[in-house]
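One line per chain: the protein sequences are U and Z, in this order.
First residue of the first sequence: 1, per the working numbering; consecutive thereafter.
First residue of the second sequence: 1001, per the working numbering; consecutive thereafter.
The hints are simulated quantities; they were obtained by calculation from the structure and are not laboratory data.
Honestly, I wouldn't trust all of these hints.
Said to hold, decoys possible - Here chain Z is said to cover these stretches of chain U; the calculated rule only asks that three of the stretch's residues, wherever they fall, bring their Cβ under 8 Å from a Cβ of chain Z: (1) 37 to 49; (2) 397 to 405; (3) 418 to 428.
Just so it is clear, CB atoms sit at the ideal spot from N, CA and C, and this is done for glycine as well.
2 protein chains.
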Amino acid sequence: MSDVQGFIDENLGRFRSELYDFLRIPSISAKSEHDDDTRAAAEWFREKLTSAGLDAEIIETPGHPIVVGEWRGAGPDAPTVLIYGHYDVQPPEPLSLWDSPPFEATERDGRIYARGSADDKGQLYMHVKALEAHLATGSSLPINIVMIAEGEEEIGSPNLVPFVVEYSRRLACDVILISDTGMYAEGLPSVGFSLRGLAYFEIHVHGAVSDLHSGEYGGAVANPGNVLSRLVASLHAPDGSVAIDGFYDEVLDWDEATRAQIASLPHSDQDFASTLSVGELTGEQGYGTLERLWIRPTCDVCGILCGYTGEGAKTVLPNHAMAKVSFRLVPDQNPGRIKDLLEAHIETLDLRGVTIEVQELHGGRPWRASVEGPAFEAASEALEEAFGTRPVPMGGGGSIPIVVEFEEKLDATALLVGFSLPGCNLHAPNEWLPIDNFEKGIGALALLYEKLARVG
Amino acid sequence: MSDVQGFIDENLGRFRSELYDFLRIPSISAKSEHDDDTRAAAEWFREKLTSAGLDAEIIETPGHPIVVGEWRGAGPDAPTVLIYGHYDVQPPEPLSLWDSPPFEATERDGRIYARGSADDKGQLYMHVKALEAHLATGSSLPINIVMIAEGEEEIGSPNLVPFVVEYSRRLACDVILISDTGMYAEGLPSVGFSLRGLAYFEIHVHGAVSDLHSGEYGGAVANPGNVLSRLVASLHAPDGSVAIDGFYDEVLDWDEATRAQIASLPHSDQDFASTLSVGELTGEQGYGTLERLWIRPTCDVCGILCGYTGEGAKTVLPNHAMAKVSFRLVPDQNPGRIKDLLEAHIETLDLRGVTIEVQELHGGRPWRASVEGPAFEAASEALEEAFGTRPVPMGGGGSIPIVVEFEEKLDATALLVGFSLPGCNLHAPNEWLPIDNFEKGIGALALLYEKLARVG
């Protein structure tokens, strides 16, 4: 292993430089005008898998393609690890809030600033480099590798499950290893035990045939902006819980041990609020901040657009209003059922004079893991060796909808080992990844591959 | 008078062509990038006043200038009529909904389609042509005229009251004549008896230092979009009334005679709803549609912007949300007091984790007139002669905030005689004015000037 770590140490500068090429490609899967860029990112990534020593190809889907890399040198009796990540990124808007260009990686304060640095190009590329270190040094890597990098994670992975089903024999594995999460704190590595699911909707309220003069018509004609505000407001009760009938029916109570473990983690509400520049934290009554983030479901409006939003006072009664509303889900909630509940909820509102349209844009089930077992232990050991600190089990507030699907379709265990840090601006301006985590993390992953020999 | 009407009839084609030149100038007062256009409209209008036979000049203000035209040929003992209108227009957005270019007047189905055709360039220009008809034919016009055209009506006339105060001697008059309203129905002319006031606010909700990942932070951090929705929703009670404490304290009950007169007007809720393509009308319980529009106050959101509103699903927890909220006011409500009440109302909400900023963009007091008296009667006679139908007294849902100020500062009676029609898309795409009303209206105004001799 010393050769492997030596190779990594010698090549860190090149690894970063290559990552910056990857980050330069604006592979924004949500925007069709970036389809060429998204494909370019897939092509780039396939070439890097090949030069790292894997057999790699691009497999088409009805949407953005999937890159598959394989190394079967450990032989048919060795365990197989499937490494999953994504080469697509979130839109960078609002651009004016970036301190450096989102698609030009910039090093500042020991961090790599760029869209995708943390989510997920940076972390995905760490695996490529850890594999390269093994294969270039002839380390007798004791596991087989299948790596898949998709280009639609940020738009809900619509084509990944069909792909996994179609290629299930080729993707057969013992462990699904994913680096798309973070560490609990700087210097404190973590292994994931939960992810929230997601149900994301776009809600349209339609009124009159055109925008109207708010004086000539105001008071007698339903205002879609007012109706939409009422609709969004109705989604919460005053205690911060979600006020949709039946929303909590399938929420599992977590065991006291998990809640106790969460409570034992170092955490300060004041520091957390201060980092975000908010006066105080707020959320569902009866739960602490980490519980609100990891084991409780939410409802957040992600965007609203209605009427005139330019400079000055336009006295218009808008004829249309739109909100993007996302629910984060916890076991055993299901996005399909949330859509039914949401639509039933909307039916209970006063909708005279308007029509409502609900589009489901995105859905994914929540995930929950056992913190025992050989894969979790292998990850804990590898992280401790690389970072010098015993990792903590960590919940995840975000969603990687494919995790549940992978486990079910491939009958394997998911293992989440991530290297971003709290406050790294995922999905926001000035996304960053610590250079130190990028470098130590490559070593940790290289170690982890060796330790995963035991999961066979 | 037959010479005057003859002159009008002979020159109608030219009058329209000149109006189309006026409409071609995008004098959008709300948008600073159109400041040059707004000034160009003032220059154009001044020249037309001069060629009509008035002494005309442009008077600067801290904002857009005011054009003043005068004709004092009736002598010091004759009454003076101040004609007021505005040469600025609303923004044309959304442009995609216009069937013909907003600043290229297009005749279709007997209508002039263009931004400003009805509000107010078309109606303002009718006065210029009615005056030209008198002055060109040497008709011995029995009243003196002061005409003022401002360029800031659509942004709340911030500089008009100081102007009226500064020039009050020059503007001294017996009647303030305004054509910025409409007729009750096609072929049914009207004289205005009320206008609603306006209080227009931009409300900002600020949250964390930047947009956040809705998974990593959702549930523990206040979402400005959710808070704003709750704020806007809280402005109405379930019965459709405005739920701000004290909002109705200064609302005068209208007399039974006025309510009976309103009830006697031809009106069909079904037709009204059908024109707008809405399933049904809705509003404050206990009032009919015309009452809701004319004699009851309202609260309408005019625009909302928050978070990500582009294509697809961006899972962002926004750090900012903005709403433009307008209140239409009725006697004796006052916009300044509404701001205080709104701010006090907002203080009662759950605002943990956010800060709120309320900007007042626009304010104007409501107006109410006596339907008796010589000016009202002169207008009724002139309209009946020109249109062949006895006019009806009509309330106004919109606001011309300067009306109350004019009456108070100049100690004169306001008279509202307008020629647009319901459904003419004021402040909306495809604004129009009937060609027939433009033409008959010029004759009606020419007659009205003669009949106003009696108000002295």
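Outcome of the hint check:
| no. | hint | verdict |
| --- | --- | --- |
| 1 | 37 to 49 | violated (count 0) |
| 2 | 397 to 405 | holds (count 3) |
| 3 | 418 to 428 | holds (count 5) |
This entry does not satisfy hint 1, going by the numbered hints stated previously; all others are met.
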